Each structure stands twice: as structure tokens, then as C-alpha cells.
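Q: From these two lone chains plus the hints, build me the complex, please.
Given next are the chains, with one letter for each unit.
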Amino acid sequence: MGLNSPIPARPSAAHLRLLKRLSEAVGIPGSESEVRKIIRAHIEPFADELRTDAMGNLLVIRKGPGRRRLRVMLAAHMDEVGFMVISVGSEGELKFETVGGLDPRQLLGKPVWVGKDRLPGVIGGKPVHLATREELKQTVKVESMAIDIGVSKKETAEGKVEAGAGATFATPFRRIRGMVRGKALDDRMGVAILAELLEHPPEGIELQAAFTVQEEVGLRGARIAAHALNPEVAIVLDCTPARDLPAWDGEENTQYNAKLGLGPAIYVADARTLAHPGMLRHLVHTAESSGIPYQIRQPGGGGTDAGAIHLTREGIPSISVSVPARYIHTACSIATVSDWRNTVRLVHAAVSGLSVSVLGR
Amino acid sequence: MQDLIKKLVEAFGPSGKEDQVREIVRGEIEAHVDEISVSPLGGLHAIVNPGGGTKVMVAAHMDEIGVIISHIDENGFARFHNIGGVFPHTLVGHRVRFEENVTGVIGVEATVKNTDAPKLSQAFIDFGAGSKADCPVHIGDLGAFTRPFVTLGDRYVAKSMDDRIGVAVAIETAKRLRSTPNEIQFAFTTQEEVGLRGAKTSAYGLDPEVGIALDVTKTGDTPKGIKMAMELGRGPAIKVRDSGLLSDPRVVDLMVRRAEAARIPYQLEVLERGRTDATAIQLTRAGVPVGVISIPCRYVHTPSEMVDASDVENAVNLLQAILEHPVEL
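These protein sequence lines map, in sequence, to chains B and S. Under my numbering, think of the first position of the first sequence as 1, with each following residue one higher. Under my numbering, think of the first position of the second sequence as 1001, with each following residue one higher.
Don't take each hint at face value.
[To be verified] Below, simulated BS3-like cross-link-like pairs (lysine-lysine); rule was C-alpha separation at most 30 Å, straight line:
hint, chain 1, residue 1, chain 2, residue 2
1, B, Lys160, B, Lys37
2, B, Lys137, S, Lys1224
3, B, Lys259, S, Lys1119
4, B, Lys95, B, Lys160
5, S, Lys1113, B, Lys141
6, S, Lys1113, S, Lys1006
7, B, Lys154, B, Lys141
8, B, Lys116, B, Lys126
9, S, Lys1113, S, Lys1224
10, B, Lys259, S, Lys1132
11, B, Lys116, B, Lys153
12, B, Lys116, B, Lys154
For the record, the hints were derived by calculation from the structure and aren't laboratory data. All values derive from a computational prediction rather than experimental measurement.
Excised from the complex, chain S in its bound form (with noise of 0.2 Å):
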């Protein structure tokens, strides 16, 4: 699965320009579903046993967060601003990829302190180029933050845990599904980071009588960190809130049931301040029951995001049992 996650996590994917991301899933996993299709807004549907039992959405989104360039100035410097919560203090010395891979550093403007964080007016993206006409981006182009995947003992610390850790864990859970009494609905989502558009749009096509999303979750197990009750280590969270969703109980009841059953730790989550595919489900249509398995990640929205290998295997472990029983409410 290692390999899997690194794959996934070095590609490609600012909202938007989910592209690469999508082809890797499609070639993972297209030999272990019925039904595959893309959506207008460019997600990832993969149906397994269709037509079968209570039919169960499953969420995890390609996109990453990234930059869009604005401005190139007459020196070849762009200009650019933030495609999801980019953290302006995150950015000095940063790099950012765009297609073609093309590769620029991020410089701040000399007027700000190095004390300070910088606005993001106040930074700008250096290509190498020596003029506005050699600056091979273009305004309108979107770029993503690149670093590689490194392993720390048991840990997976890569720029995009966010969240390619839930279309890993999504995809692994697909090969090892042995079989399933439901109809299991995977969707790759797209544009999530800048308001869980795809999930909105894929959940309306889909029409799911339950939904689960997989996403990232903060964690309070660093020095000075926010309170909250989450570990690296200690097993992948049910949710019960963050900022945009109350699971539904009965489906949190359910994940906490399959885990016991199955002896898989597990975390319960309550997230002060963060939202996911959840909330978007959630409100489709006339409602849906939806419930998060998240995976406790330090350093969300930083270069350096890092998860337990242990907590990514223990969730496969948890969405297996839940899709391989008759998931009924």
C-alpha cells in the first residue's frame, strides 16, 4: 500500500486539475469494480455490485490545495493567489509545480519582516525567467506544492495527505472487498478544497442511501497543539462533528459496531473547526444519512503532512467490515 500512497500523493492535483490523480485511480481501480464514468465536474465513479442491496456512496477527494497564477510582471515574477486554505506562513522557500512540470520557488516581497507572515499579495512565484516573455506560465494556470513522500518509523509524511490518503484507503478497500451485500459507490471527488463542490454535484448523480466520506482530521498530540482528543497511532476516527456536520448517529452506531466486532481500534472525533465531503452529501436531495472515517493527520495544509501508517491500514480494516455486511440503518 506504500507504494500506492506515494504514487498518490506526489501526483499532480490542485481543485481544478484533478487530471492525473483521476487516471491513476481509474488504472488501480478499474479491474475490482462493475461500473466506471466520470462526472461533469470531473470525478470518479466506480460502482461495485450495482444494483445490489442499500446502496453506500463512499467519498474520498483528489484535489489538492495549490496557487493561480494572476499576474506576470514585466521582470517575469507572477503573481498569484490561493486555491484552497493555502497558509500564507507555509509559503517562503516553498515550491510549487504546474503542469508540464514546470517548477518555480516562492520569493516575498523584501518589505516584509522575516518575523512576519507574509500577505499573500505580498508573495510571488520565481520561474527562472528573465522577463515577462520567458515566464512559462500563463495567468490562469494552476499549480500545486511539490515535495516527495518520505517515511518517518512508522509514519507517511507527504504534502497531500490531504487527501490522497482517503482515495489510498478507498482504492485498497476496493481490492480486498472479498464481497459485499451492497451496492458500494465510490466517488473520487473533485474540488473539495474550495467548498465540497464535487461531492454536491456526484451525490445528486449518485443518489446514495448512505454516505461516507473519507478524509483527513487534526490531531491534538503535538507540542502546544489545539485541544483534541486525536492521536496518531491510536486507530482512524469515527466522526460525530466538525464545523459543518452532525454524522448521523445510527451510521456512527454502525462504524463503531463493525470496529468493536472486528477488534480495530478506533478514535471518536470531534472536530472544532473543519469540514468534508460529508456535509455536501449529507444535504443532497431529501438527505442522506452519512457518517467520516477520518484518519488522524499532523500538519494539515502544510508541506510536511503526516500520518501512521497503522491508523491507514486500521481504516481499510474498518471500511472493509462495514461494506462487506448489509449496511442498514
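Chain B on its own, in the form it takes in the complex (with noise of 0.2 Å):
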């Protein structure tokens, strides 16, 4: 199986490509365009229909040969944290909320692209050189934060940006070796594997792919997705933090989530969802046949859109399948090459090999 796969184990150019414009582009929850219409470009010569919904989940159905096919959804969701614009203040800067997700420690001096245009802004931070002991020692709160886009004038802004605006991190995007760096690697990375997915569906199946929005503000794009493709089982794409660098006092890394470089990162459990065990045999059957790398996530807390999913209509059994990435919700995230070039595969060779049974109890 894992010989005849279609599926390259280097990425191509047009794939790397496609990745970059994806971790570059600006969607927090409930503004994904941007994000949807890259995906829509790219995956539209391979969808036999494709529609954006209500909520602005990008579904796509891409069907394969014969009569009676599982109809087997495929999510990755497109919004990332970030911020959102709530006022202008009298000097021009840009109150601001978080959306999603975030450390307040991580964001002071950040840069930053706002709104539409992008316009490239900065969480102002104030210089050590004015801060007091004490201020050092504790942590900013996000209400006395603003983002500076360098106007002076309360006018001059509020031409620029209106309330309601989102805004993310301004990380332009890298591979450094067997690595690939930039922000919303969770979860660009599994748009990227689930568009990829569509070029090349695995056979036997009618492959319905949902991009969702809206999952870092609670499953939401997800649940809706789910009710209307009425799956007879899902896997959702998802990027999972690896906190997996050695313990500062040498002690054994004992909570570690995922770890870079150990393969596709199957879910057991999180905070939302059980893993249906059919499909969990399913996914280790496959790698451990197919020669491709794979790593169990430690059990515990999160939640990717299987939380949502699986609970549609009659419950639909589901699973998620993370690539782990170092530093998610921060400004830069780090993945491996080879960890997404894997869950690619294995994503591939799992559905291509799903059958009914597979779905019993």
C-alpha cells in the first residue's frame, strides 16, 4: 500500500506554495474568506460540487467509480486565533480582543496584520527601560494592550480600520530544511492536507470535504457541516501542539502532548471526544502495515471538530488525525516536513482501505 501511494513523500513546489499562502493569510474565526477563497481556487477543477454554506463552511464533494460508496467526511477548519478590533482610541491605536485561544503573555511586540488590507501594525510593548520591578514580574492584561498602525490621529485610523476588524500575526512563512515555520499551521496545515486529499481521493469512497470555520471558538462551522453532509463516518485534520523539548530540570518529559518528527499523531481522547475504536484499529492497522510512522497523542484536554461531529444525528464515528506542530497559538509555529508529509499518507491509505465493517462495533 504505502509503495503504490500517490501521494509524494516531498512535498511539491505547488503544495509548499499553497501552504505558505494559506499560513499567510489572515482569518480569525467568523472572517475566513481570505482562507476559503485560496482553497476554493485551488481545489476546484477536482469537486464535483462544491458549495459555501450559511455559516461559510467551504463543503466539496469529490465522488469516486461505483454504486455504493461510504460517504466518508474529511474536515480541517479554516480560522485561526487572533484578534479583533473593538474601538479606535484618541491617538489613533486599536483596542483590541483576543479571539480564540491565546497566552496574553505572548503577544507584546508582536507585529501584526490588520483587517482587510493588512496593514501591518504592532502590539505595542512598553521598553524595559520604563518598566518597574514589579511591572516585570506580571502579566499585561489584553485590555491595556493596543495594536499601533503608526497614524497619530483618531481620524486618519478609522478611515483604515472599523471595529469588527480581525487581525493576526505578521509571520511570513518558511521552510528551513526538513521544517516549515509560520503562524496557523493550526490549522492551515490540515487545509493544506485535506485539499491535497481532494487531487487525489482515495478510491472507493465519496469524499466529502469540509473546511469549517469557526472551530476555535467552540466546534461551531463543524456542527452545522456535519448535520448537512450526514456522514457515515469522519476523520477530522487537525495540528496538535508538541511540547516535547527536554524538561529545564532533567526530569523525564512526562506531558508532552505530541512529539515533532514521531509521525501523524492519532487521537484516543481529548476534552470532547472519544475516538471511535473501529477507527482507531483502522488507522493503526494502516500505519503499522504501510510502514508509516505514527505516534499516539497523549490523552487529555482540547478538542479538535470530531467533538462536534460525532454527536450529529445519530452519532457519526469519528477520529481525528493531528499533525503536532511546536508553539500553536503563538505567532510562530513549528512543524517537520515529514510529520505532514506522513499524515498525508496515512490519511490516504486509511480511507482508501475503509470499509463498513471497519465501522462496527
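A: Okay, structure coming up:
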């Protein structure tokens, strides 16, 4: 199976370019249109059906040959954590709120892109010269931060940005040998993988690709996408933290979640989903028989779109597979090219080998 | 019924791995129902009198709280994460069982004072292994607590009364049911302890007109207990509200009427903290009128959950009385 895979082990220039464009797109929850446009342009030639639903999910069907085709939903979310402008201050500074899970300690001093026109800005921080010893120990609250877009008048800023505008970290994507580095790999990595699977659809199934919205604020888009698509089985493609560097005190690191370079991280349990046992066995078996490396993500907290999908209608057998990445939900995350490629290969092989018997209990 | 309870409470069934419980339920109930099927989330649906009268869903969850392995260290000790509401102060010295009869004991890091409850991250499971390679479990394996069933006077004590006692009440009622003008949809649900998940999808699939959940509730009858008018031995509880539910008053009235007509003792229940499958059922599709018959239980989510035999018997009597009459609101 592994030897005959149509999925190349090295990423093509086109797929690297796609991942770069996706990573650099600005798309906070509720404002995913830039991401959607990029995907749409890329996958339109491969789609049998394509529509954008009421919330903005991009739903794409690719039918394989044959009559009785298992309906397989593959989902990846288009949105990323970021910022929303809530008002313009008297000096033209932009007050904002965070959207999705962000650590206030990660924000000060970071360059950002604001709004559809990607205005360059920075979340200004107090120079160390002026900080008191007490202040250095404290976490600055988001309420007291502002984005500086380099204008000095309220009216000038208001001419450029309106309340409700989205902003994200302004991090250019880079490939560094075996690694990729960029913002929003959670979950543009999953989006890129899903787009590639639409180009090379696994045989014998009806592929229901859902590029979902508003995952980072509560798995919202996936809920309605799953209801509409009504699949028989679902696999969610996401990006999971790798906290895999050695512990500072030399103790064994027992809480790493996932590790870079060990292959796709298969989920058993997170805060929202217990993986379907048949799908779990199938993914592990597929990886082992195809010689594709894999790891079991440490059971624990967190959640993916599977949390919404598996509880849809009468229940949908579901599982998640993630590419591990360091520092996700910060300005810059790092993943390995090999985990990326092995995730595409694993999901392709696993979906190709799916049958109704896998879904039994 | 005691043999049935013993068999059910000693079975292995953490959320997500309810298969052993499901097979026991199937074996017990199959001869007494008309249709039987398994839901995508692993729940067992057993239907009596399909197509007849009001569709009444009777839900009891098969799963119990447990643990899941998250890491195995170089010396063969396993770290774990909770499945459902596991209280750290109940852990030390407890034993856990995995599939294939693998057993381990729970220890905690010596930095934890023995007067303090450990954090979950400070606890580990010792399988008697000397190294990582000897450890008989893997990351992602699900375990459940283990403890034999005992009787103390008129009381039953076991690790998973929550909610095998509800499962036992449903099975026993199905066996005793003489006839019913309703379509009874017994739903033995999964993944309740991690968020009422199986009941949500079962209710969607069964599309009932009325829902009744069977579950345990807390009591206020122990030394310095919580303020709650609920005692062991005073009868099953008819739930009025809990933190996730306001029971449909028509269902509460119906339950009270049936209890009084059949001279079955009952208590009215207001539970400050806790939820049951009824919450998920109520909010399904366009909404379902629901109620709950609760079995009062001391020491919920500890290794020794205690219920009273007469409360269990009367819960069966009450459910039987409800189901044998037309369920009309």
C-alpha cells in the first residue's frame, strides 16, 4: 500500500506554495473568506460539487467510481486564533480583544496584520527602560494593550480600520530544511492536507471535504457541516501542540502531548471526543501495515471538530489525526515536513482501506 | 435481582469501552424485547412493542468513570488522565483494571504530603513492571476502578452503582413488564460520564415523545452531609431539578400519580450539582418532555457507592407502573 501511494513523500513546489499562502492568510473565526478563496481556487478543478454554507463552511464533494460509496467526511478548520479590533483610541491606537485561545504573555511586541488590507501594525509593549521591577513580574492584561498602525490621529485610523476588523500575527512562512515555520499551522496544515487529498481522492468512497469555520471559538462550523453532509464516518485533520523539548530540570518529560518527527498523532481521547474504537484500530493497523510512522497523542484536554461531528444526528464514528507542531496559538509555530507528508499518506491509505466492517462495534 | 446487580457492577466499562457491559445487558434483555440494535456510539437500543402508543425512551448509562494511560516512563510506571469525574483524594491505594485482566495499583509522588490530595499529574499506576518494555499497557488504554460487590445489611455497595444500578432497574423492569400500551425504547447509553454524549445521539435516533432517565442521586443523610432532603431507604427519587435540568412538570406529575396509586414510597429530588442523560434527551430535535427516576446513593464517584435494596426494588415498581399505563401528558 505504502509503495503504491500516489502521495509523494516530498512536498511538491505547488503544495509548499499552497501551505505558505494558507499560513500567511488572515482568517480569524467568523472572517475566513481569504482562506476560503485560496482553497476554492486550488480545488475547484477537482470538485464534483462545491458550496459555501450559511456559516461560511466550504463543502466540497468528490465522488469516486462505483455505486455503493461510503460517505467519508474529512474536516479541517480554516480559522485561526487572532484579534478583533473593538475601538479606535484617541491617538489612533486600536483596542482589541483576542478571539480563540491566546496567552496574553505571548502578545506584546508582536507584529500583526490588520483587516482585509493587511495593514501592518504592532502590539506595542513598554520598553524595558521604563518598566518597574514589579511590572516585570506581572502579566499585562489584554485590555491595556493596543495595536499601533503608525498613525497618530483617531480620524486617520478610523478611515483605515473599523471595529470588528480581524487581525493576526504577521509571520512570514519559511521552510527551513526539514521544518516549516509559520503562523496558523493550526489548522492551515490540515487545510493543505485536505486540499491535497481532494486532488488525489482515495478510491471507493465519496469524499466529503469540509473546510470549516469558527473551530477556535467552539467547533461551531463543523456542527452544521456534519448535519448537512450526514456522513457515515469522519476524520478530522488538525494540528496539535508538541511540547517535546526536554524538561528544564532534567526530569523525564511526561506531558509533551505529541512529539515532532514521530509521525501523525492519532487521537484516542481529548476533552471533547473519545475516538471510535474501530477507526482507531483501523488507523493504527493502516500505519503499521504501510510502514508509515505514527504516534498516539497523549490523552488529555483540548478538542477538535470531531467533538461536534461525532455527536451529530444518530452519532457519527469519528477520529482525529493531527500534525504535531511546536508553539501553536503563538506568533510562530514549527512543524516537520516529514510529519506533514506522513499525515497525508496515512489518511489517504486509511480512507482507501475503509469498509463498513471497520465501523462495527 | 442481586445476582444481576453484582454481575453488572463488577463488569468493566469506562466511558468509551462499554462493550462488556453491553454484552451482559444484551444477554439479559434479549428475550424480553422485540427489537435490539447497537448505535454508532455503542449504545444498546432494546425496543418493546414497536409502533404501539407513545414512544417512551428509558435511558440508563452503561459507562463508569475511569482512567486513560497518557505516558509510560523509563521505569515502567504509567501516568494517566481521568475519564469523567475522578476525585484525586479517592485515588491513593486504589486499584485499576484494564481489558485482558491487567491490574495496577495507584501511587503518588512522595513530594505529596499524605495529608493532601494529590493532583492527577502527581499520581501514577504501578503494574509491577520493572521497565518500560515490561509495562503491560500502552498510551491510550482505558482502565476502570476495581472493587468487589458487597452487601451491608439491606445495602448494596460497589464501585459503579453509578449507573449500573439504573441499568439493572431497566433490565429488571423489562423482565417484569406484563404488557404496555406504549412503545418502550430502552436505551443503554454510553459516554455519560464524559458529557451525556451517547444519550444525545440515541435520543436523536430513537426520536421519543417522552424520555425517562434512570440514574443515581446524592443523599444528605451522612455525618455533616450536603444539605439535601434525600435519604437511603425512603424510596426512589422523582427528580424535579438538577444543575442541568428542570424536569417537565407533567412527567413529574405522572410519576407522582403512579407512585401514589401503587402505594410506592418516593422522594422528590432537587440536586444542586449533577446532571443526567435527561438533559441531553430534553434538548434533542424539537425538544422532548423528560423526567428522571433517581436511586439515592451515598459516596457517588468513590470506590464504594452505596444504595438501599428497597429503593432499588421500588424504582423497578415505579417504572413498571409508569410503563404499564398509557404515558399521556
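Q: Hey, Lys1113 (chain S) versus Lys1006 (chain S), does the alpha-carbon distance stay inside 30 Å?
A: violated (36 Å)
Q: When you check the alpha-carbon spacing of Lys116 (chain B) and Lys153 (chain B), does it fall within 30 Å?
A: Holds, at about 21 Å.
Q: Check the hint pairing Lys95 (chain B) with Lys160 (chain B) against an upper bound of 30 Å on the C-alpha distance.
A: Distance ~14 Å between Lys95 (chain B) and Lys160 (chain B) Cα, so the pair holds.
Q: Assess, step by step, whether the Cα of Lys160 (chain B) is no farther than 30 Å from the Cα of Lys37 (chain B), and give holds or violated.
A: holds (23 Å)
Q: Check whether the Cα positions of Lys137 (chain B) and Lys1224 (chain S) lie no farther apart than 30 Å.
A: violated (43 Å)
Q: Below or equal to 30 Å on CA atoms is what counts here, so check Lys116 (chain B) against Lys126 (chain B).
A: Holds: Lys116 (chain B) and Lys126 (chain B) sit about 28 Å apart, inside 30 Å.
Q: Below or equal to 30 Å on CA atoms is what counts here, so check Lys259 (chain B) against Lys1119 (chain S).
A: holds (24 Å)
Q: Sort out whether Lys1132 (chain S) lies within 30 Å of Lys259 (chain B), counting only the CA atoms.
A: holds (18 Å)
Q: Can the restraint linking Lys154 (chain B) and Lys141 (chain B) be considered satisfied, given a maximum Cα separation of 30 Å?
A: holds (23 Å)
Q: Taking 30 Å as the top limit, are the C-alpha atoms of Lys116 (chain B) and Lys154 (chain B) close enough?
A: holds (19 Å)
Q: Straight-line Cα separation of Lys1113 (chain S) and Lys1224 (chain S) no greater than 30 Å?
A: It holds: about 25 Å lies between the C-alpha atoms, which stays within 30 Å.
Q: Given the hint that Lys1113 (chain S) pairs with Lys141 (chain B), test it: the Cα-Cα distance must not exceed 30 Å.
A: Since the Cα atoms of Lys1113 (chain S) and Lys141 (chain B) sit roughly 35 Å apart, the hinted pair is violated (cutoff 30 Å).
In terms of the numbered hints stated before, the structure departs from hints 2, 5 and 6, listed from lowest to highest.
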